[in-house]
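Colleague: First to last, the sequence lines map onto chains U and F.
Per full-length UniProt numbering, the first sequence starts with residue 1, numbered consecutively.
Per full-length UniProt numbering, the second sequence starts with residue 1, numbered consecutively.
Take the hints with a grain of salt, since some may be wrong.
Pairs involving identical chains hold if they fit within one copy or between any two copies, as the list cannot separate such chains.
Said to hold, decoys possible - Lysine to aspartate or glutamate pairs mimicking DMTMM-like chemistry, simulated, CA-CA at most 25 Å apart:
1. K51 to D142
2. K252 to E109
3. K102 to E125
4. K243 to E24
5. K177 to E58
6. K102 to E235
7. K144 to E109
8. K252 to D97
9. K119 to D97
10. K51 to D61
11. K177 to D232
12. K171 to E79
13. K144 to E244
14. K172 to E79
15. K130 to E59
16. K144 to D47
17. K100 to E244
18. K100 to D61
19. K250 to E125
Think of the hints as simulated: they come from the structure by calculation, not from any bench.
Number of protein chains: 2
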Amino acid sequence: MNIAVISIGNEVVKGRTVDSNSAEISSFLTSNGFNVTYHVSCKDETDEICKSLMFLLEEVDVIITTGGLGPTMDDISIESISKCLRLPLEMNAQALDILKTKYLSLKLELTEERLKMAKMPLGAEIIENKSGTAPGMFLKYDGKMIFSVPGVPREMRSMLPQILLNMGVSKKAYMSKEIRVNGIMESAIAPLIKEVFDVMNNGINIKSHPESFEFNNPVLIIEFYGYGDSQDDIENRINSTYKEFSQRVKNKFSVSI
Amino acid sequence: MNIAVISIGNEVVKGRTVDSNSAEISSFLTSNGFNVTYHVSCKDETDEICKSLMFLLEEVDVIITTGGLGPTMDDISIESISKCLRLPLEMNAQALDILKTKYLSLKLELTEERLKMAKMPLGAEIIENKSGTAPGMFLKYDGKMIFSVPGVPREMRSMLPQILLNMGVSKKAYMSKEIRVNGIMESAIAPLIKEVFDVMNNGINIKSHPESFEFNNPVLIIEFYGYGDSQDDIENRINSTYKEFSQRVKNKFSVSI
């Protein structure tokens, strides 16, 4: 099951806001054994949202959009998804109930801007927003799943358990282990990484993340990660890969890690 | 001239690393008067890199990729771009000279992994890496521009002036002004934002970024931004929009901003 995240907002694409949402959603799903393959960010424009959606519907099974669910005129994510998929936009009874409860209890009118947040494509279910106002959306479309959650990180975060519940339990377990290596250039350790990867041939990825300069006291984070049929399975494969790697580093560079 | 950024790396899509590079590149280009419309992140896989590239080549004039230029086996961005565009990969003489100078001065061998960083698609120019080792790439393709820069933020950053030089001066000036509004709900200010946007009708975007809860002491950042034919032009339009907005806020909510 491949997953993509679409982060919608002018503030993201023009670089005002660093898109931590896509990372947080992906990290959460990866650690739960799922495979995220793409992130896309686009403006609050129906055309761009639709093009992103159509591109990703070709590539993945689950799409999670974040951003653009609020009451302002540029919050058009759900309306755009409806248009793009040619699904009628309708007032969702459950969402309306929630908004009524929230605003009317404060004696606030249900204005057009507030009601907008209850409009969902035909067939959508809502995801309750326990940390804010705009409800999230869950839609099954053409054998795929589309989720829309707010862009406010706290609200997005509060909906992740509900997304997971709808996706079901992954049959895979994920694990990552990182170590720090000092004093070896990335270009010097590169052939060793390839050697270990080829020798082990066990599906464990080995990635070097440079933390410092190639020359003059290089510092690398070496990451071992992958998916397994169980936690034990992935743990064993990562540990044996790490052991092989550290032995070869010791032999070649006369340093222990 | 529309621009997209592709951030390449498993660590980005699986959420290990927050993609601050795309934001930094976009912020730099936006403040220089350019229009960034998409970010895409994908894995270090030729197929995914190619699909991202083909999607964006349909949509934008300039593509900047970041990540995957180093010496390890998973650094395959430039090789993937070559394959995707069916351009032969060749040893770039200028890049080779730079690597020779860097490694041979330290009496280090030019291994296969190090030489890999000098391979570029036919017709590519290199962008010198003043802060690291792997050269960047600049390629003209089908009337469009493709830049590839490293994923290490310091190295990416050092190449931004060279990207700008190749893109030329934008005919537009960009400006953004932000103010903080306390105690007004986003759903309450939403119709006022639309009113001001419609009345002014001057191309200035007005966005509300919630910093806090809708209920209980809401805090909003209101952002006014847009492009103009000159710095004076955009400044005047933003200031008149801000003035109209603050006057209406004062009238409606009896608060000054």
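Colleague: Using 25 Å as the alpha-carbon threshold, which applies to K51 and D61: within, between, both, or neither?
Modeller: Cα proximity of K51 and D61: in one copy and across copies (16 Å, 16 Å).
Colleague: Between K172 and E79, at a C-alpha cutoff of 25 Å, which is it: within one copy, between copies, both, or neither?
Modeller: neither (35 Å within a copy, 31 Å between copies)
Colleague: If the cut is 25 Å between Cα atoms, do K252 and E109 qualify within a copy, between copies, both or neither?
Modeller: between (72 Å within a copy, 16 Å between copies)
Colleague: Tell me, please, which holds for K119 and D97 at an alpha-carbon limit of 25 Å: within, between, both or neither?
Modeller: within (12 Å within a copy, 61 Å between copies)
Colleague: If the cut is 25 Å between Cα atoms, do K171 and E79 qualify within a copy, between copies, both or neither?
Modeller: Neither, since 34 Å and 34 Å both go past 25 Å.
Colleague: With identical chains, the pair K144 and D47 could be close in the same copy or across copies; at 25 Å between alpha carbons, which is it: within, between, both, or neither?
Modeller: both (21 Å within a copy, 21 Å between copies)
Colleague: How would you label the pair K250, E125 (within, between, both, or neither) given a Cα cut-off of 25 Å?
Modeller: neither (56 Å within a copy, 39 Å between copies)
Colleague: Cα distance capped at 25 Å. Does K102 pair with E235 within a copy, between copies, both, or neither?
Modeller: Neither. Shortest intra-copy (46 Å) and inter-copy (40 Å) distances fail the 25 Å Cα cut-off.
Colleague: Between copies, within a copy, both or neither: which fits K130 and E59 at Cα up to 25 Å?
Modeller: neither (31 Å within a copy, 37 Å between copies)
Colleague: Have a look at K51 and D142 and pick one of within, between, both or neither, based on CA distance no larger than 25 Å.
Modeller: For K51 and D142, both the intra-copy (17 Å) and inter-copy (21 Å) Cα distances are at most 25 Å.
Colleague: Since the copies are identical, ignore which copy is meant and state whether K102 and E125 lie within 25 Å (CA to CA) inside a copy, between copies, both or neither.
Modeller: within (19 Å within a copy, 59 Å between copies)
Colleague: My question is about K100 and D61: at a cut-off of 25 Å on alpha-carbon distance, are they close within one copy, between copies, both, or neither?
Modeller: neither (34 Å within a copy, 46 Å between copies)
Checked against the numbered hints given earlier, the structure breaks hints 4, 5, 6, 7, 8, 12, 13, 14, 15, 17, 18 and 19 and satisfies all the rest.
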